[in-house]
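Based on the hints, put chain B in the right spot on chain A.
2 protein chains.
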Amino acid sequence: MAEDYRAMWNSLGLNLEAHQGLLAVLSDGYQSIYLSQKDRPAGMQYFDFVISEVHGLRIVELLKAKTEGKLIVGTFCVYVPEELILALDGVAIGLCAGADVGSEEAEKYLPRNTCALIKGFMGFKLAGLCPYVESADLIIGETTCDGKKKAYEVFDEITKKMYVMELPNKKSDDGRLLWRNEIKRLAEKLSAVTGRQITLDKLKEASRIVDAKRQALQRLSNLRANDPTPISGLDALLVNQISFYDDPIRFTAKLNELCDELDERAKKGTGVAPKGIPRVLVSGSPMAIPNWKLHSIIEGSGGIVVGEEACVGERNFRDLLGSFSTVDEAMEKMADRTMGINCACFTPNDGRLADISDMSQRLHAQGVVHYALQFCTPYLVEAYMAKNAVEAAGMPFLRIETDYSLEDAGQLKTRVEAFIEIIRQGRGS
Amino acid sequence: MAEDYRAMWNSLGLNLEAHQGLLAVLSDGYQSIYLSQKDRPAGMQYFDFVISEVHGLRIVELLKAKTEGKLIVGTFCVYVPEELILALDGVAIGLCAGADVGSEEAEKYLPRNTCALIKGFMGFKLAGLCPYVESADLIIGETTCDGKKKAYEVFDEITKKMYVMELPNKKSDDGRLLWRNEIKRLAEKLSAVTGRQITLDKLKEASRIVDAKRQALQRLSNLRANDPTPISGLDALLVNQISFYDDPIRFTAKLNELCDELDERAKKGTGVAPKGIPRVLVSGSPMAIPNWKLHSIIEGSGGIVVGEEACVGERNFRDLLGSFSTVDEAMEKMADRTMGINCACFTPNDGRLADISDMSQRLHAQGVVHYALQFCTPYLVEAYMAKNAVEAAGMPFLRIETDYSLEDAGQLKTRVEAFIEIIRQGRGS
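Those sequence lines, one after another, are chains A and B. To convert a position in the first sequence, counted from 1, into this note's numbering, add 384. To convert a position in the second sequence, counted from 1, into this note's numbering, add 384.
Hints are computed from structural coordinates only; laboratory data are not their basis. Worth double-checking, as some hints may not be accurate.
Which copy? The list can't say, so a pair holds if one copy fits it or any two copies do.
Stated by the list, open to error - Straight-line distance between alpha carbons at most 25 angstroms, and here's what the computed BS3-like set of lysine-lysine pairs gives:
| hint | residue 1 | residue 2 |
| --- | --- | --- |
| 1 | K555 | K568 |
| 2 | K573 | K797 |
| 3 | K545 | K771 |
| 4 | K492 | K454 |
| 5 | K555 | K651 |
| 6 | K492 | K797 |
| 7 | K568 | K554 |
| 8 | K573 | K454 |
| 9 | K422 | K554 |
| 10 | K771 | K492 |
| 11 | K545 | K573 |
| 12 | K544 | K554 |
| 13 | K454 | K652 |
Just chain A, with the same shape it has in the complex (with noise of 0.2 angstroms):
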């Protein structure tokens, strides 16, 4: 840490002896998971950055925004409209979920067999660790699965912060009205928090900025088509994890120059490994910061990571808001646009099914593999689906099922050998 943070960590209720010791070994595993890699771009070093100052600068510019009348406002997913909180000056951030902490707290209040992406948001806050959420003025979740649904209930009574959007389960147009207004009411709430009108010049605004971070995204995405790669995707994944708490216009502005300089690794021909090296889909649950655990396994085992059809991933950017002409155009978009998110929670969910194979072939990808965090319900189905669909296509997949602990590392990379080892033999199909 570049100062010493104690006094505004302290300020937020944070638990300071462990925080220090969670701060430690998050960076002893950010060295050996990431500044241990070989050929990294330089463009990688503003992300690097980023990482260290994750609980410290950052949470400064938070702590600086509220008082300049900003609102924080937290969130777990992507199907809450980022761009409705820009329009309202709001800031918008993701929350510690990504390690297990304070799990023997959270069982306090959840089910032993939660998913542990559910258990960290409430482990991080009931354990003191997380100054993302002690900052946020409001906290937006969403009915998407069982566990976060009604986890969301309990953390309320804990937080007093959380004000909870209907997801439909099916895509009718009953479902996509029902989201539409929402949407509308999300911004209604917004209204009301800030003080604050919505115009369109506001909302234009914002939806240029989260726009141009979804096509910085996109580009990313389209460089890791090269062979070979220019970018790993341990750090892919690490610019698709940052997307969700830096603040949006430098982020944009430093993946653009990561992007350039990816470009021209890309007209040179070299990567961060050599051409011809397994290529492999990463396809299920999101990876919130610091789970890295897959992407070091199956880069570890000879394989690279092209890509993730996933929230922290594709799913995230892949589509633009667009241009509008009113506040109730944009808000229809608004609702179009994350109705074409394919998320498992959603039944059926053929859509998704597409976007694997869609991604596959742009990325060159010659295995999926398949990643649910134990206890997810909707992706471990799904994976059910997802297996037929990529086998069927002639794709070699692997079915992962796993949590944040690293007890089943060992067992993880004996099978994602074995499967890079299938795709480097060409028995896919």
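Just chain B now, kept in the frame of chain A:
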């Protein structure tokens, strides 16, 4: 079995050998759990007979109904309006889901960490052990929980019979509207499948039949308020379970006969157990036939179950549809009636806490046992809220999480005995 049904089971594609084994196990279980009870009402003989013929005579009836042009409709949930099915000359039946059957087969399709009920309906089908799923022309699912919502996609692949209704996640105006439209769409679907039109007269007749069944079940529930209780919780649970399988007119008549007998008992002050023994309300996940585990343990530990705040229980019959003068009005009332059911799939679901409190008072319960199937996330999370509410009211609360196996029976018995002892000593408040 009174007759040899093997030809029928064979024609339905059941696995005859395994089915014979299942029936033998069920018969033994029924003998030891049910027929060993003391002072059972004579009126239970009918229900004993129904159970003994649940895969026999009742299937004969269903197949006969089919030849008469009736539609056999399988359902899983009290949100599906039975009136609609009956109004279109359909027969509504529950599907097998209450035993640990075919789980190895089910786990080829579903995650291991799936609740016993879902694994049950999948396993019964895959193992060729459920004559109901084979007899059904149509199976109606609903989006109540992640497990069912996603498993129905797989179940449709296997059965080609699924029709899934979308239940919203919140009881908002928009959610109610969406659900009202889903009820209308179900009516259209049933019309399309049967080639019949829904008429006001047919719907009124159907509603009278179903409301009469609900009133008889209400009558049974109210009789359990007496001390001594005139019927065991086990027998009352069985009657509730059978309400999902039996012919509704015959069932209602037989249940009213039973209630007449229980009325007599109440007047005389006689019952199935001594006056003053600890009275327990069970609340939580549904218990499908032959899941009698918890009631058996409670009543084998010196307590008596006086009510079920559950779908196989009070939620199924508490509210009547009542009168209506147009088909449209009936649809509105069906939407209102079902939206009054407080399932943990909704967020928030405070109404359920009020229901637990109301039932406890009306039935003079002295403690609440919260029952959740393992991996049943909605009820497992809500157990936290239920505990706080019940204990704040000065009542003892016991949280049970279990599946269909008997492995934990000894441990559960120890916990239940301790709980009964707490009630006995009046140590709740």
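Structure-based check of each hint:
no., hint, in the structure
1, K555 x K568, "both (18 angstroms within a copy, 18 angstroms between copies)"
2, K573 x K797, "neither (47 angstroms within a copy, 49 angstroms between copies)"
3, K545 x K771, "between (39 angstroms within a copy, 23 angstroms between copies)"
4, K492 x K454, "neither (34 angstroms within a copy, 51 angstroms between copies)"
5, K555 x K651, "neither (42 angstroms within a copy, 56 angstroms between copies)"
6, K492 x K797, "between (33 angstroms within a copy, 23 angstroms between copies)"
7, K568 x K554, "both (19 angstroms within a copy, 16 angstroms between copies)"
8, K573 x K454, "within (15 angstroms within a copy, 51 angstroms between copies)"
9, K422 x K554, "neither (45 angstroms within a copy, 50 angstroms between copies)"
10, K771 x K492, "between (36 angstroms within a copy, 12 angstroms between copies)"
11, K545 x K573, "within (13 angstroms within a copy, 43 angstroms between copies)"
12, K544 x K554, "between (30 angstroms within a copy, 19 angstroms between copies)"
13, K454 x K652, "neither (44 angstroms within a copy, 72 angstroms between copies)"
Against the hints set out earlier in the document, violations occur for numbers 2, 4, 5, 9 and 13.
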